[in-house]
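**Q** Each chain, written out:
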Amino acid sequence: MSGYTGGYMGWLSPEEWQVLLLSLKVSGVAITAVLPLAFALAWMLARWRFPGKVLLDAVVHLPLVLPPVVTGWLLLLTFGTNAPVGHFLSETIGLTFLFRWTGAALAAAVMALPLMVRAMRLSLETVDRRLENAARTLGAGPWRTFFTITLPLATPGIMAGLVLGLARSVGEFGATITFASNIPGETQTLPLAIYSALQLPGTELQVARLAGLSVLLSVSALALSEWLARRNAQGKDRHVL
Amino acid sequence: MSGYTGGYMGWLSPEEWQVLLLSLKVSGVAITAVLPLAFALAWMLARWRFPGKVLLDAVVHLPLVLPPVVTGWLLLLTFGTNAPVGHFLSETIGLTFLFRWTGAALAAAVMALPLMVRAMRLSLETVDRRLENAARTLGAGPWRTFFTITLPLATPGIMAGLVLGLARSVGEFGATITFASNIPGETQTLPLAIYSALQLPGTELQVARLAGLSVLLSVSALALSEWLARRNAQGKDRHVL
Amino acid sequence: AGKPQAPLVLAAASLQESMNAAADAWAKKGHPRPRISFASSSALARQIEAGAPADLFVSANERWMDKLQSDHLLKPRTRVSFLRNTLVLIAPRGSKMKLPVRANMPLAKALGSNRLAIADPSGVPAGIYAKQALTKLGIWNSLRDKLAPAENVRATLALVSRGAAPLGIVYGTDAQADPSVKVIGLFPQTSHTPISYPVALLAASKNPEAEGFRRFLISSQGKAVFRRFGFGTK
Amino acid sequence: MSFDIAMTLQRGTVRMVYEFTAGPGLTALFGPSGAGKTSLLDAVAGLVRPAEGHIAVSGTTLFDRARKINLKPEKRRCGYVFQDHRLFPHRTVRTNLLYGWRLVRPAERWLSIDLALDLLGIGHLLDRMPATLSGGEAQRVAIGRALLSAPRFLLMDEPLASVDAHRRGEILSLIERIRDELKLPILYVSHDRAEVERLAHRIIPVEPVHG
Amino acid sequence: MSFDIAMTLQRGTVRMVYEFTAGPGLTALFGPSGAGKTSLLDAVAGLVRPAEGHIAVSGTTLFDRARKINLKPEKRRCGYVFQDHRLFPHRTVRTNLLYGWRLVRPAERWLSIDLALDLLGIGHLLDRMPATLSGGEAQRVAIGRALLSAPRFLLMDEPLASVDAHRRGEILSLIERIRDELKLPILYVSHDRAEVERLAHRIIPVEPVHG
Ligand SMILES: Nc1ncnc2c1ncn2[C@@H]1O[C@H](COP(=O)(O)OP(=O)(O)OP(=O)(O)O)[C@@H](O)[C@H]1O
Ligand SMILES: Nc1ncnc2c1ncn2[C@@H]1O[C@H](COP(=O)(O)OP(=O)(O)OP(=O)(O)O)[C@@H](O)[C@H]1O
Ligand SMILES: [Mg+2]
Ligand SMILES: [Mg+2]
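Residue numbers (the working numbering), protein chains in the order written: chain A, 1 to 241; chain B, 1 to 241; chain C, 1 to 234; chain D, 1 to 211; chain E, 1 to 211.
Note that these hints are calculated values from the structure, not bench results. Errors might be hidden in some of the hints.
Stated by the list, open to error - Short derived list, chain C residues pointing at chain B, Cβ under 8 Å:
#1 Phe38
#2 Ala50
#3 Gly51
#4 Ala54
#5 Arg154
#6 Thr193
#7 Pro194
#8 Pro208
#9 Gly230
Because the structure is a prediction, the values reported are computed rather than measured. We put the beta carbon where it would ideally sit given N, CA and C, even for glycine.
Looking at chain A on its own, in the form it has when it is part of the complex (with noise of 0.2 Å):
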């Protein structure tokens, strides 16, 4: 981290706000933008049949399996100013990703959808189907029967994805440096600060504080989910031997 003072350590130092705040922003934005596509595709796998759904799943799974780095590589050569998609995104309607939040952001999107796809369609494909033609019989059409029936009882994997993606968002490291660089205050997210630290010998306590946020970070999320999944659970209690 760039001008790191060291030696304030009763709280934050303005860097590491700035790099928790950027971190929370990059995180929120990203599953907030995917959690639609992800739920969809989510569907199509849970509950279409189509020829080449294998090879969707696969395309999906993409950015688990390649190394992050080849994955940043790809996001350059499609998303970059020079590059076609990125181009046309700038012209119509302003969006740049290179060396923008925007590209941590989108980085980190493209990182977390595989898990949050799993998880939901997981999810979904235990959803009972009897349940939601008793909807439709008591008048509700697919779509009120959807938000009503399909996603409440979905919950547990959509959470599950939710925490999954977001703490994949926030350790988020290779993809981003590779696409949108390691700019403090625009693209240094919680690791690439730490990246930066650790390359120099005797930052341990400076790499040990970043991580600690981190992990804080990712408690409090987890934390949050646990305590909505107990809030919902709570009534459907069931035979316990």
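Fit chains B, C, D and E with the ligands to the given chain A structure using the hints.
**A** Positioned in the frame of chain A, the structure of chains B, C, D and E with the ligands alone reads:
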């Protein structure tokens, strides 16, 4: 990749074979070895209530949250020859990790763990306890009930966990190079070979070939899992609108 | 036992081509070819601290070597700085940019709204040298928000060759190896601390071949290999 | 005609053929287990698609293979009491009951919530989750949910199977009133002779066809 | 004494108190929906733990709070026909039926598979998955599964609720034979007066206790 001869387009070069086989070995051993642990953790998180559960959950998620380089570094500090645990293991059972393929497997296992635990936990939570109770009244003890009822009913999550874990382990880079280093034939798995190739200009073709191998590996695993899942689902037909 | 075992060399990733060539040359002389693990100097140094069973370390910077030395992890009197490198300003091959490297050069203006690709100046050696040079030339402050810090030199190079950045600062050896970029300026040797690559035998090394290879590396025959890849030698 | 049904269903390897018309009132389906009674109700509700034939209720064609008519389940306005209840496990008894109720125009409703709660004896269960209900309680909630959706005809699959004698009497009276005062067509499945004899205007035998 | 039960159960906010002893033969539990019949069977099977009291069957104490006895369900050797069937969805009818059968010593078995298949009329379903069964078919498989586990006593929760009259007669005869020839104690829940009067040696009323 050292000594890459290039030019050999028809099939894989000996070096590529070496990398591929090593990747297979590392991922295979990692996932096999970590499977029971992942399942035990999933079980505890799904079924038990104990103080510190959120903490355990957080620890399991750590490798996802921390940048892989930090995970690799923590592994060095724990399993290095000079570290207490590493020293103990090498003295007692002769198991060393540093600079060995076992180290690459350990790194892959640690990184795959959170994904496996989450998916398995998700499935375990949806297993109907009333069916387990029914098995008990029919004379099955807890273990038999577990193996004949709970485990088969949780199969989708276990499969998903395996696929995610395998994909993640095939793509694992940061922790491996930090912990196990980049030794051809010993710890140079596919992502590390790709990294090495990326260090040289004009190696796009080589990178693409290696990345293609990664993808091939994972698509095979995916296709296999889909096939198993479909076979498993046969006969479980449901009302279809 | 029959054949002597191959030593294990830990080398900075930027030495990949040249070190492999050196190993091949050494093997041609009838020795077992050293096994080489390429990674960032910091990762390799940490592995050595953790007790890695390796024989030789070739670092891209002196600081990590200093650290290992003070921790008594090097064999005494085996440390030699044997390679030198230069720092250059590069642009994509097709670029028409003309920009002589001198004090107060209008680099910021030349960049316009684009960014300068550079290795991470807060830790990666090539970035640290670049920062020193730009500071010495008096333009560091004007470039602060115009940087695109990359993971390492090769990633910096990729940013330029892919056109993501119109200009970049890398080692001379890297620029020479990549035909898709061209050098448009050389930073004076005086603008940064000398770029040197030290090699040393590790204290834990038990391989008798290792010292031979180290001597080969610093011999005139060995240095000749590295000169082929654009390195300077001492 | 209340029901005009002639169709073929394929379930797994089993093929079932139905052909009957039924006038107003309550039509009981009577037949051995596995004969295809539930399958018939599923087809009328639009949950299973017949291989051949047509289904019409009160003059409205719900399905006709030849004329390519296949009304969606939510357009058929049936009140289906499922053999396996199918309460929504994530909603309280209250919101289960109100699920269909909220989806119809107030003017079309023909049963008040209070009356339903009272006759079915489920007023004290409103805030409970379905998983905590006893078998008979769940069944009565399922009946209430179907009736409150203000259906134009009823499909009842052994709705009283695990309801006690006292409640059964009250619910039978309720069904009689629906049959006689509202004149809703009802398809009713039961294995209980007495129940069928009390309620049914006619009995359609459903026999297993093997092939 | 076949059954010697005195206990208190807590389910949610409801507290249920049971106290009765019953001699040999079939004991029917009769009571309104929600009175606690299923809860009682669950406690006897060891699936629900009473807050107080004791449970003994044929002189064997299954549970005694004071003496800290609590036999595990798998040691109680009960044949429990659940109100909701609970067939294992991932196993065929065949392997459902054999689940308990395989776990007892051959010498202890008292019902042959062939006889069970024949009397329950499920021989043609052996290779089917439970999800494809009709309601009555599933119920009969559940009865078969419980009986084939060679239990020492039976807990039957409305076992004939959706079985047709013909089969019902046959299964009632089977239960009578089990009752009279094998002299197994049976706790039997039903809302059907005729069924209860035909089978039961005694009727224990289960009344809801509110508190
Ligand atoms: N978790 C719970 N919270 C509150 N009440 C509960 C809970 N579980 C069960 N009950 C109540 O306990 C009572 C007894 O239930 P039980 O299933 O034993 O009834 P039952 O006599 O078998 O009724 P039925 O004839 O309808 O099957 C019911 O009123 C039920 O609502
Ligand atoms: N997927 C399937 N494969 C094979 N047979 C099936 C499948 N689904 C249903 N069946 C069979 O279709 C027949 C009709 O089933 P249905 O549920 O309609 O019977 P039912 O008359 O309602 O019986 P019950 O009175 O027992 O509820 C049954 O024999 C059932 O086993
Ligand atoms: Mg039926
Ligand atoms: Mg009950």
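**Q** If a hint holds in the structure, say so; if it does not, say that too.
**A** Tested hints:
{"no.": "1", "hint": "Phe38", "verdict": "holds, 6 Å"}
{"no.": "2", "hint": "Ala50", "verdict": "holds, 3 Å"}
{"no.": "3", "hint": "Gly51", "verdict": "holds, 3 Å"}
{"no.": "4", "hint": "Ala54", "verdict": "holds, 7 Å"}
{"no.": "5", "hint": "Arg154", "verdict": "holds, 5 Å"}
{"no.": "6", "hint": "Thr193", "verdict": "violated, 24 Å"}
{"no.": "7", "hint": "Pro194", "verdict": "violated, 23 Å"}
{"no.": "8", "hint": "Pro208", "verdict": "violated, 19 Å"}
{"no.": "9", "hint": "Gly230", "verdict": "violated, 13 Å"}
The structure fails to meet hints 6, 7, 8, 9 from the earlier list, while all remaining hints are met.
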